[in-house]
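**Student:** If you're matching them up, the sequences are chains A and B in order. Straight run, no breaks: the first sequence in this note's numbering ends on number 311. Straight run, no breaks: the second sequence in this note's numbering ends on number 598.
Honestly, the hints are just simulated from the structure, not real lab data. No experiment lies behind these values; they were computed from the predicted model shown. A portion of the hints provided could be inaccurate.
[What the hints assert, rightly or not] To give an idea of the chain A side of the interface with chain B (calculated C-beta under 7 Å), a few residues:
id : residue
1  : LEU19
2  : THR22
3  : ILE33
4  : THR71
5  : MET153
6  : TYR157
7  : VAL158
8  : PHE159
[Stated by the list, open to error] Computed from the model, here is a short list of chain B residues facing chain A with C-beta under 10 Å:
id : residue
9  : LEU340
10 : ALA341
11 : ARG424
12 : MET436
13 : ILE448
14 : LEU537
15 : PRO541
16 : SER551
17 : PRO567
18 : VAL578
[Stated by the list, open to error] If you want the footprint, here are the derived chain B segments under chain A, 3+ residues with CB under 8 Å:
id : segment
19 : 438-445
20 : 522-534
21 : 558-566
Note that CB positions come from ideal geometry on N, CA and C, so glycine has one too.
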Amino acid sequence: MMARMPWFLRRILGIVPTLFLTWSIVFGVLQLIPGDPVMLALGGTPASDEVLDNERRRLGLDQPVYVQYLTFLKKMAVGDLGNGYSSKQPVSEMIAARVRPSLELALGGLLVGIVLGVVLGIAAGLRPHGWIDTATMSTALVGVSLPSFWIGMLLIYVFGLQLEWVPILGDGIDALILPSITIGLFLAGGLARLIRSALIETMAQDYIRTAHSKGLSIVRVVAKHAMRNAIIPPITLLGLQFAVLIGGAVVTERVFARAGLGSMLIDAVLTKDIPLVQGLVVYTTTAYIVINLLLELLYGIVDPRIRSRRA
Amino acid sequence: MTTTAILPPRRLIARTLGTPGAVAGSVILAILVLGAIFAPWLSPFDPNATRVCPRLAAPSLQNLFGCDLFGRDIFSRILHGARLSLAVGLLTVAISLIAGTFLGMVIAFLGGRADRIGVRLLDVMLGFPAIVLAILIVAVLGVGAFNAALAVGISGIPRIARVIRSATLTLVGREFVDSARAVGASQTRILRRHLLPNLLPIVIVLGSLDLGSAILSTATLSFLGLGAQPPTAEWGAMLSAGREFMRYAPWTMIFPGLALFLAVMSVNLVGDRLSHVLDPRASGSDG
């Protein structure tokens, strides 16, 4: 039956078991938290047995684990993530309220990463072993060893505190500059490497020589002929990084004191707010899976050869 | 991959030091390791002794890297931090490697349904962003330096298991495994005596490539408040404390960060080179 469906429907249905397994792992792992969840739900305030029992019943914790698991899956499927222990608010609303700062940061970081990565990657790829190439590739190598929280703090110190060029706190677009650079720098390294190697490979192809010999300018050759064929690996990298980032840049948000999903996750772990941890991890992993799917569908549209491959 | 013979130690060292980057990495790493081992003798002060110098005092001859909020000597704390970071990094990698190798070998060797289910689960685990998986595990284990190492180690298992599974599959069909079976070797014996030795070069490569990010990840958890807790002298935790005072005392965050960066970079430089020497084809691949 699956074989006769259009390729995109097959792909879309294909994520159902993945989502089911992912959610099951999150549920299973959080079952291992030691201690009575009811005590955690009440935030450690002393309570009578009666209060504890009522709370247990209200949260469904008096049911056997498999019933809790089925209820959990049912609720996840309709987007009900339960209520947070400390705020008593629906987790889905709490997450929705924090999506914006994380999304802004993800987009800002992506923008910086793309601009830097594409420019350096093309410059390096057009003249392999030239000075731009050598400098970019050694910086990328050093860059993977740099702690992002340290870079963030150094940026704050130099541009925020010493030079006072940009504010280090606030909701404005200018407060987004330094955290975006922090994230962008890390994206740029990997992106530049990918674009460089893809470009070196494509520039050696016959059709590029043909394009050159037709007298096309180098800009036209790179933009119209070479980049088109070198674009899929970089888009994959960016797509997956974006998918991670919209779940909250845990470290960067902490450094720049931004109230996004990443810092919310840390606080939820520290306060042992299990439904909130569960909701955030479910949201992050689901977003990751869905974006992955969208990327695959996109490739299928761009490159018909991919459609025929096994799902 | 074929059965790469492990070179004799002297030749291995000579070839590993074949590039300027690897030499620089080895020198920095050697200094850090020596510093870590001899920290109690090299540190001018007790790393946890407060008021050995004025609060947030700038770097000077007595206090090379300055002092923190409690008047503790930052240089002494960084030296002791090296012990923790290196030890925790090794522990983390050991957890991922041992469990990942075992898991990967077993599912590949069993094959059939066990392999299909195993691969499916591993792929799902790989869909979790690494830091989120580590944080989820900390949520279960609780905060602390040891738990952070455990969390990073466990979150690294699926990736190792995936690579080892692929490598094992290429070995299982080979003649020496068939002949071992033919002479009646037990399954455990084949796994232990025939497959494991052939997988060792890959395991070493994976470990050397992972050590840098293991050190970085555990320091990251400490920075986030999920790993080593104050007053432990740990680089990530020191950076977190230094963040508060960087306006008045930037050295509280500059030096711990520099130490962390140098440690991770030197390990990466050496690991990268070692992986080329041990197995030119396996380096950087993820099976």
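**Student:** Are the hints correct? Go through all of them and say.
**Tutor:** Against the structure, the hints:
Contact between LEU19 of chain A and chain B, as hinted, is not supported at the beta carbon level, the nearest pair being about 9 Å apart and thus beyond 7 Å. Hint on THR22 of chain A holds. Least Cβ distance to chain B is approximately 5 Å, under the 7 Å limit. Below 7 Å, beta-carbon pairs count as interface contacts, and ILE33 of chain A has one with chain B at about 5 Å; its hint therefore holds. Nearest Cβ of chain B to the Cβ of THR71 of chain A: about 21 Å, over the 7 Å cut. The hint is violated.
Residue-level restraint check for MET153 of chain A holds (minimum Cβ-Cβ distance to chain B is 5 Å; threshold 7 Å). For TYR157 of chain A, the interface hint holds, since its Cβ comes within 7 Å of a Cβ in chain B; the closest pair sits about 5 Å apart. A least Cβ separation of about 10 Å between VAL158 of chain A and chain B goes past the 7 Å threshold, and the interface hint is therefore violated. Checking PHE159 of chain A against chain B: minimum C-beta separation of about 13 Å lies over 7 Å; hint violated.
About 12 Å separates the beta-carbon of LEU340 of chain B from the nearest beta-carbon of chain A, more than 10 Å, and the hint is not met. Hint status for ALA341 of chain B: violated, given a least beta-carbon distance of 17 Å to chain A, over 10 Å. At its closest, the beta carbon of ARG424 of chain B sits 15 Å from a beta carbon of chain A; the interface hint therefore is violated under the 10 Å criterion. Interface hint at MET436 of chain B: satisfied, since its Cβ lies 7 Å from the closest Cβ of chain A, which is below the 10 Å cut-off.
About 7 Å separates the beta-carbon of ILE448 of chain B from the nearest beta-carbon of chain A, less than 10 Å, and the hint is met. Checking LEU537 of chain B against chain A: minimum C-beta separation of about 6 Å stays under 10 Å; hint holds. Taken as an interface hint, PRO541 of chain B does not check out: its beta carbon lies about 14 Å from the nearest beta carbon of chain A, beyond 10 Å. The beta carbon of SER551 of chain B comes within 8 Å of a beta carbon in chain A, closer than 10 Å, and the hint placing it at the interface holds.
Among the interface hints, the one on PRO567 of chain B holds; its C-beta lies about 8 Å from the nearest C-beta in chain A, closer than the 10 Å criterion. Evaluation of the VAL578 of chain B hint against chain A yields a held restraint, the C-beta minimum of about 8 Å falling below 10 Å. Figure legend: the segment 438-445 of chain B, annotated as covered by chain A; annotation consistent (5 residues with Cβ-Cβ distances under 8 Å, at least 3 required). Check result for the segment 522-534 of chain B against chain A: holds, 5 residues qualifying (beta carbon to beta carbon below 8 Å, three or more required).
Beta-carbon proximity to chain A at under 8 Å applies to 4 residues in the segment 558-566 of chain B; the threshold of 3 is reached and the given coverage holds.
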